[in-house]
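Asks: Residue strings, one per chain:
2 protein chains.
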Amino acid sequence: MTHTAEYPGKQTKTSPATQTPAFAALSAKTPIEPFQIERRAPRPNDVAIDILYCGVCHSDIHQARDEWGGSIFPMVPGHEIVGRVSSVGTAVRKFKAGDLAGVGCMVDSCRVCENCKDGEEQYCTNPHATLTYNSRDKNGEVTYGGYSTSIVVDENYVLHISDKLDLAATAPLLCAGITTYSPLRHWNVGKGKKLGVMGLGGLGHMGLKFGHAFGAHVVQFTTSQSKIADAKKLGADEVVISTDAAQMASHAGTFDFILDTISAPHDVAGYLNLLKRDGVLCMVGAPDEPLSVPVFSLLGRRASLAGSGIGGIAETQEMLDFCAEHGIVSDIEMIPIQQINEAYARMLRNDVKYRFVIDTNSLKSGAVQG
Amino acid sequence: MTHTAEYPGKQTKTSPATQTPAFAALSAKTPIEPFQIERRAPRPNDVAIDILYCGVCHSDIHQARDEWGGSIFPMVPGHEIVGRVSSVGTAVRKFKAGDLAGVGCMVDSCRVCENCKDGEEQYCTNPHATLTYNSRDKNGEVTYGGYSTSIVVDENYVLHISDKLDLAATAPLLCAGITTYSPLRHWNVGKGKKLGVMGLGGLGHMGLKFGHAFGAHVVQFTTSQSKIADAKKLGADEVVISTDAAQMASHAGTFDFILDTISAPHDVAGYLNLLKRDGVLCMVGAPDEPLSVPVFSLLGRRASLAGSGIGGIAETQEMLDFCAEHGIVSDIEMIPIQQINEAYARMLRNDVKYRFVIDTNSLKSGAVQG
Chain A
0 MTHTAEYPGK QTKTSPATQT PAFAALSAKT PIEPFQIERR APRPNDVAID ILYCGVCHSD
60 IHQARDEWGG SIFPMVPGHE IVGRVSSVGT AVRKFKAGDL AGVGCMVDSC RVCENCKDGE
120 EQYCTNPHAT LTYNSRDKNG EVTYGGYSTS IVVDENYVLH ISDKLDLAAT APLLCAGITT
180 YSPLRHWNVG KGKKLGVMGL GGLGHMGLKF GHAFGAHVVQ FTTSQSKIAD AKKLGADEVV
240 ISTDAAQMAS HAGTFDFILD TISAPHDVAG YLNLLKRDGV LCMVGAPDEP LSVPVFSLLG
300 RRASLAGSGI GGIAETQEML DFCAEHGIVS DIEMIPIQQI NEAYARMLRN DVKYRFVIDT
360 NSLKSGAVQG
Chain B
0 MTHTAEYPGK QTKTSPATQT PAFAALSAKT PIEPFQIERR APRPNDVAID ILYCGVCHSD
60 IHQARDEWGG SIFPMVPGHE IVGRVSSVGT AVRKFKAGDL AGVGCMVDSC RVCENCKDGE
120 EQYCTNPHAT LTYNSRDKNG EVTYGGYSTS IVVDENYVLH ISDKLDLAAT APLLCAGITT
180 YSPLRHWNVG KGKKLGVMGL GGLGHMGLKF GHAFGAHVVQ FTTSQSKIAD AKKLGADEVV
240 ISTDAAQMAS HAGTFDFILD TISAPHDVAG YLNLLKRDGV LCMVGAPDEP LSVPVFSLLG
300 RRASLAGSGI GGIAETQEML DFCAEHGIVS DIEMIPIQQI NEAYARMLRN DVKYRFVIDT
360 NSLKSGAVQG
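Residue numbers (numbering that gives the first Met the number 0), protein chains in the order written: chain A, 0 to 369; chain B, 0 to 369.
What the hints contain is simulated information worked out from the structure, not anything from laboratory work.
Even for Gly, the Cβ is constructed at its ideal location relative to N, Cα and C.
Incorrect hints may appear among the rest.
[Stated by the list, open to error] Per label pair, the in silico range of CB-to-CB distance: (1) 348/B with 118/A: 23 to 33 angstroms; (2) 64/A with 242/B: 51 to 61 angstroms; (3) 324/A with 135/B: 49 to 59 angstroms; (4) 223/B with 64/A: 51 to 61 angstroms; (5) 332/A with 27/B: 56 to 66 angstroms; (6) 191/A with 223/B: 40 to 50 angstroms; (7) 66/A with 242/B: 27 to 37 angstroms; (8) 162/B with 240/A: 51 to 61 angstroms; (9) 126/A with 227/B: 23 to 33 angstroms; (10) 360/A with 190/B: 51 to 61 angstroms.
[To be verified] From the derived model, a few chain A residues whose C-beta atoms are all more than 12 angstroms from chain B: (11) 110; (12) 283; (13) 326.
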């Protein structure tokens, strides 16, 4: 077990920072490549985690390529992290060495703003939560994500992971899972409700699983006949071919909630017309171009176009516990880190069912092979 | 009192249709001009009303000029109608001759769909409510609005009007009033909430009055220094000059609800960033171009862009009763019908405080002067 500092935030000689193998984007225009980072020695409230698996999120690509602006390079992406605790700081009460642990999209927040107090740390306004990568912490240090062998995180932003579930398939729950779970819970999508899911990727397939588990009548929208069988296997009660105007029209005014997981620019107008009174179309994908919204589609049914970002720490734990209880994980394809650039290319072609997960053993044994 | 038909929907010889002076748009490209219409003889459930005043709504212009498409010509606009009951059908229980009465944006709906049953007839889905003008009723007859001397409407779509209030200034409550009252009530905008109002016209000034009456902290957005004093007089606690980036930034993340009453194409992105977590920006104006909505503004605070259309009949009565109790009416400028085209031109220049109301006496005495 690592010795920890006597004074919060101060590193001692007995707990030096750790050189850690990672993969990073050195610029917006270069591929992800081997890189060495330093992880801080655990402070009293810190948990040090040996990373076992890290999911690959579409936002990794957006940020590594600076498509949202403001990216910080070098960047070590990855915010769907599952691992095992290697050591804890002196003040840590929630974890001990050997525990399974997860880290999602954020590693800290102000803890005093209204949103933090409400357990909605993802909406921290002071000025915003410290994200797991491509962010700066309270000390101004750049954060590095899960494309690496270890990470050190304040215990309050670390999740407990059940040993009942496949660990690699659990990793994507930390972002894709909570991002779809949270809005379905917030808007009470369950029995007696009709839920639509737009997009059948990392987020979409989790939306199907949760919607089904919550008892909603779940409709998958897709442009592709080839996805019908898969969507039904994942929990869809119906599949609508969204390019078929007659099929779309037959569902007009019937949806309580539509979860839009599409992160490429796309049209939402046709879907707004499928909402019933007080229906909500909620964006969880993040297209980098503004949406075009015809106002009459909202006025005519008191509809809302909403957005939702991940979920709070307590809700993320609730989601993980729900998944453990109901046997819900992501459908994944495991890759060694050396295939990350190929994985990005395949994700952009929607050629993955449904989430790539990095086996970080590949990083430990040969990071320089990349 | 008019004799009514023995059989519902059937007119008898003793109650002929009535020739009624009106003003109409004969095409999208011609001014509003004198026109003669026929009002049906009252059926058993009908109330015949002598129109005293009719407010002039921005949507009158949109529809008279076919800017939303699908306009039916000749068109007699007007859906902010206050008058006095001249006769009632045999089955009418809620009104009697001599009563004050109001008619708003709709004169019928299916009465059996989920929305009608819920008292939200404005969202009738079977296929939609019969609007007061520019619509077709269940028999396929075109409806004609309040730019006329009388109207015949089923009693279930007629409102009681208090004699406590100025009648001309009450007319705009039937559309501008309920359109702003309903979303503020639906989203519980009251004490402890911060409300923003975009636009200071017919709708906006009613939003200020209701927001103030409900106890919210009310902020008017305007581009014009000259409107500050007026907005404060109408109920604004603060006025923000929306073109002043520093002023806007100082309100970032603080609004529970923003009521957007602007019916011209405009930018909403800057306002979405002023919402706090779970905040709602609600459109009640109806720009004829789609809005451009940056998704991150929604995701970062679980915000919603919503729309709301008028209100149900019961809620409209509730609003009218609230106004009578609290002494709330519209600020108006009265005009004879012969000035309607000039009024339209002035509305398009925002040159009215804050609603034109037609005195239909002008129509009775000299419709052909137009």
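Asks: Now tell me, hint by hint, if it's right for this structure.
Replies: Status of each hint after checking the structure:
A hinted range of 23 to 33 angstroms for the beta carbons of residue 348/B and residue 118/A is inconsistent with their spacing of about 50 angstroms. In this structure the hint that residue 64/A and residue 242/B lie 51 to 61 angstroms apart at CB is violated, the actual value being about 34 angstroms. A C-beta distance of roughly 55 angstroms is found between residue 324/A and residue 135/B, which places it inside the suggested range of 49 to 59 angstroms. Our hint of 51 to 61 angstroms for residue 223/B and residue 64/A is violated, since their Cβ atoms are close to 43 angstroms apart.
In this structure the hint that residue 332/A and residue 27/B lie 56 to 66 angstroms apart at CB holds, the actual value being about 58 angstroms. At about 49 angstroms, the CB distance of residue 191/A to residue 223/B agrees with the hint of 40 to 50 angstroms. In this structure, residue 66/A and residue 242/B meet the distance hint of 27 to 37 angstroms, their C-beta atoms being roughly 30 angstroms apart. In this structure the hint that residue 162/B and residue 240/A lie 51 to 61 angstroms apart at CB holds, the actual value being about 59 angstroms.
Under the hint 23 to 33 angstroms, the C-beta atoms of residue 126/A and residue 227/B, about 30 angstroms apart, fit the expected range. Taking 51 to 61 angstroms as the suggested C-beta distance range, the pair residue 360/A and residue 190/B conforms, at roughly 58 angstroms. Taking the minimum C-beta to C-beta distance to chain B, about 16 angstroms, the non-interface status of residue 110/A holds against the 12 angstroms cut. Once the 12 angstroms rule is applied to beta carbons, residue 283/A is inconsistent with being away from chain B; the minimum gap is 7 angstroms.
Every CB of chain B lies more than 12 angstroms from the CB of residue 326/A, the least distance being 29 angstroms, so the non-interface label holds.
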